[in-house]
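These protein sequence lines map, in sequence, to chains A and G. Residues 1 to 375 (this note's numbering) are what the first sequence spells out, left to right. Residues 1 to 375 (this note's numbering) are what the second sequence spells out, left to right.
What the hints contain is simulated information worked out from the structure, not anything from laboratory work. Treat the hints loosely; a few may be bogus.
[Stated by the list, open to error] As a list, the in silico BS3-like pairs of lysine-lysine whose alpha-carbon atoms are at most 30 Å apart:
| # | chain 1 | residue 1 | chain 2 | residue 2 |
| --- | --- | --- | --- | --- |
| 1 | G | Lys328 | A | Lys229 |
| 2 | G | Lys50 | G | Lys128 |
| 3 | G | Lys230 | A | Lys309 |
| 4 | A | Lys106 | A | Lys212 |
| 5 | A | Lys214 | A | Lys230 |
| 6 | A | Lys230 | A | Lys276 |
| 7 | A | Lys106 | G | Lys179 |
| 8 | A | Lys324 | G | Lys214 |
| 9 | A | Lys101 | G | Lys229 |
| 10 | G | Lys276 | G | Lys229 |
| 11 | A | Lys214 | G | Lys50 |
| 12 | G | Lys328 | A | Lys106 |
| 13 | G | Lys229 | G | Lys214 |
| 14 | A | Lys210 | G | Lys101 |
| 15 | G | Lys91 | G | Lys230 |
| 16 | A | Lys179 | A | Lys309 |
| 17 | A | Lys91 | G | Lys229 |
| 18 | G | Lys128 | G | Lys230 |
| 19 | A | Lys5 | G | Lys249 |
2 protein chains.
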Amino acid sequence: MKPFKGERIFTPGPVELPDSIREVLGRQIIHHRTPEFTQSFLETRDLFKKLVGCPEENFVFFASSGTGAMEAAVLNFFEEGDRVIAVVGGKFGERWAQLGKRWGLKVIELSVEWGKSVDPEEVEDLLKENPDCKGVLVQMSESSTGALHDVKTLGEITDEKEALLVVDAITALGVYNMKPCEWGIDVLVGGSQKAFMLPPGLSMLWFSEKAKRKLTGRAYYFNVEEELKKQAEGQTAFTPAITLILALKESLNMLLSEGMDNVEKRYRAMSEGTRKAVETLGMRVFPENPTISLTAVFPRDLDADSLRKEMLRMGVRVAGGQGKLKGKIFRISHMGMDLLDMPVVLSALELALKRLGKYIKLGNAVGAYLEALDG
Amino acid sequence: MKPFKGERIFTPGPVELPDSIREVLGRQIIHHRTPEFTQSFLETRDLFKKLVGCPEENFVFFASSGTGAMEAAVLNFFEEGDRVIAVVGGKFGERWAQLGKRWGLKVIELSVEWGKSVDPEEVEDLLKENPDCKGVLVQMSESSTGALHDVKTLGEITDEKEALLVVDAITALGVYNMKPCEWGIDVLVGGSQKAFMLPPGLSMLWFSEKAKRKLTGRAYYFNVEEELKKQAEGQTAFTPAITLILALKESLNMLLSEGMDNVEKRYRAMSEGTRKAVETLGMRVFPENPTISLTAVFPRDLDADSLRKEMLRMGVRVAGGQGKLKGKIFRISHMGMDLLDMPVVLSALELALKRLGKYIKLGNAVGAYLEALDG
Chain A
1 MKPFKGERIF TPGPVELPDS IREVLGRQII HHRTPEFTQS FLETRDLFKK LVGCPEENFV
61 FFASSGTGAM EAAVLNFFEE GDRVIAVVGG KFGERWAQLG KRWGLKVIEL SVEWGKSVDP
121 EEVEDLLKEN PDCKGVLVQM SESSTGALHD VKTLGEITDE KEALLVVDAI TALGVYNMKP
181 CEWGIDVLVG GSQKAFMLPP GLSMLWFSEK AKRKLTGRAY YFNVEEELKK QAEGQTAFTP
241 AITLILALKE SLNMLLSEGM DNVEKRYRAM SEGTRKAVET LGMRVFPENP TISLTAVFPR
301 DLDADSLRKE MLRMGVRVAG GQGKLKGKIF RISHMGMDLL DMPVVLSALE LALKRLGKYI
361 KLGNAVGAYL EALDG
Chain G
1 MKPFKGERIF TPGPVELPDS IREVLGRQII HHRTPEFTQS FLETRDLFKK LVGCPEENFV
61 FFASSGTGAM EAAVLNFFEE GDRVIAVVGG KFGERWAQLG KRWGLKVIEL SVEWGKSVDP
121 EEVEDLLKEN PDCKGVLVQM SESSTGALHD VKTLGEITDE KEALLVVDAI TALGVYNMKP
181 CEWGIDVLVG GSQKAFMLPP GLSMLWFSEK AKRKLTGRAY YFNVEEELKK QAEGQTAFTP
241 AITLILALKE SLNMLLSEGM DNVEKRYRAM SEGTRKAVET LGMRVFPENP TISLTAVFPR
301 DLDADSLRKE MLRMGVRVAG GQGKLKGKIF RISHMGMDLL DMPVVLSALE LALKRLGKYI
361 KLGNAVGAYL EALDG
């Protein structure tokens, strides 16, 4: 039974594009050095400002994928030789450490077992041992393991110190009702192809007043100072990803009219329901403290990749494990999904299990999910 | 008489998107870590290889606008302290000089009067005076002035020397039938929103075997070595601009089925016809040796921006001058245009002139264009 509709993706980025966004993407291009673009861009910026909920307009967009904005964070807010702590508990934590080293920072790697969340006390201790530390680099949602790091508590720790709290929120922004300036975050990175439900190619970099005072001007393509000057007036230093900026406006309108509290509730409901569902199947959620943007599942004695392949035969794509978790876990994204999208992926999971010879009562996992929604 | 169809853009990037490309852009997203994407990407790479016509597959794509790939050129092929010559005869030449300085190169700026093309002998002399020179950075088509630099002759000059010839071909690739390895080009930069008729957000970096031996590994997001390894197998180091890669395949198919010789002929016909047309109107083409991708027009005693505004009232957008040429020239792009698109912009120009009180016989400029086509 082949799916006639083509593949459905439940991967943690890119995520399915809503029709209204596809409509914007397919439009004829407009020129960016025009009042028309400037107005749309300023409206987009206004909506983004509402999303992050801070009085200052300290943020820029880049034509790049998320890693570009991570590089921008390292280049613009740190000097060569600066000591920083990188929380390394997954593939994206490793990326912070690599980026820091590439650009001449002295990186203290704080290793966290994959699937665990960083203990804020360990960060606090390290900061005490290294009073010259200029930054803490961490993911909010480490999408390779599905773990949530407690950036709010980290923000309390770095708040009174010199160190900047730099958060890769690529799979958290647009999911959680993040309030970076209330939480004490200094630099925050986002990406278009996650909860913003756009194609990849647009990244976001928000920063605090404390971070702003540290701007180094080290970058060129990713120069925050230059971009901020231009973008505050609805323009960009270099040619922007015009189409994605226009589509981001649609996406932000969708998120804000649902309301970020409701958006977060929706994700919480999907992730808790999914946890109940996979537990019903004898599996467990891999991280101790999971993010709500995706659910990383450890199928215990089963091979995660065989399961994925079975699901793919039904046209349902979930993500596998990365790095040392390859074959050990699979990951179901909730980003860009509605409550009743999860029964699709859970149904595919149930069928896949049965087809792999594991006895289960079909409908139980979906039932558990629906029970959780209604609970 | 307001245009009911909305604005028509004759700007040197972004350029109008063909319908078949808009159709690809509006499709549902596919995941990039899939055999489906890999296959499409490899096909795209194959077509790009045909476009540049070199035996090696020395090229990578980045999720960035063109400036990103210019930065990649500077970071990946030069070390801090390297001496380079930057040909500065317009806004984009200035960008080479700025990028070089930002990343620690010793930049010798070879100033060329805006609108003139660089004299290859001057480059040769400078190279003799500076035998330690590691590179010559130049535009093929300096889109701020409309001038064409003779990169073929420059290629003959650098061929036997250590210096790499680094060419920003952002408004030349896909216009001229460029043969970088025959011409002795070492690094070539392209961008999606020009003759490839895509939205901005995808850049291209091609390089020679001579350049390949110099790879420094200095970059992270723009790391050529890492990308080449991945891209040769149809993948990317970081999330690619999925949509634009898929649309580039369509664009390359369009260019290659027309045949790059014919494409170049088409552009040559449009630019020569446009020159005849504006001369009929008592104006002149601004550069001495113009590129065929756009025509920069100097309207002599008339204010270029008033003309532009009149044309805009009719829904036709041409570009103004940049930097010191603001208000002095206007620029008509031929990129992505068909032979019979030019009468649209020329008609608007004729009407604009008349409305600004200049007596002209309407139809003369269009007539001169059509005569040139048929000549």
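Outcome of the hint check:
no., hint, in the structure
1, G:Lys328 with A:Lys229, "26 Å, holds"
2, G:Lys50 with G:Lys128, "35 Å, violated"
3, G:Lys230 with A:Lys309, "23 Å, holds"
4, A:Lys106 with A:Lys212, "21 Å, holds"
5, A:Lys214 with A:Lys230, "19 Å, holds"
6, A:Lys230 with A:Lys276, "48 Å, violated"
7, A:Lys106 with G:Lys179, "44 Å, violated"
8, A:Lys324 with G:Lys214, "33 Å, violated"
9, A:Lys101 with G:Lys229, "21 Å, holds"
10, G:Lys276 with G:Lys229, "48 Å, violated"
11, A:Lys214 with G:Lys50, "47 Å, violated"
12, G:Lys328 with A:Lys106, "51 Å, violated"
13, G:Lys229 with G:Lys214, "16 Å, holds"
14, A:Lys210 with G:Lys101, "28 Å, holds"
15, G:Lys91 with G:Lys230, "34 Å, violated"
16, A:Lys179 with A:Lys309, "39 Å, violated"
17, A:Lys91 with G:Lys229, "19 Å, holds"
18, G:Lys128 with G:Lys230, "39 Å, violated"
19, A:Lys5 with G:Lys249, "23 Å, holds"
In the structure shown, a violation is registered for the earlier hints numbered 2, 6, 7, 8, 10, 11, 12, 15, 16 and 18, in ascending order.
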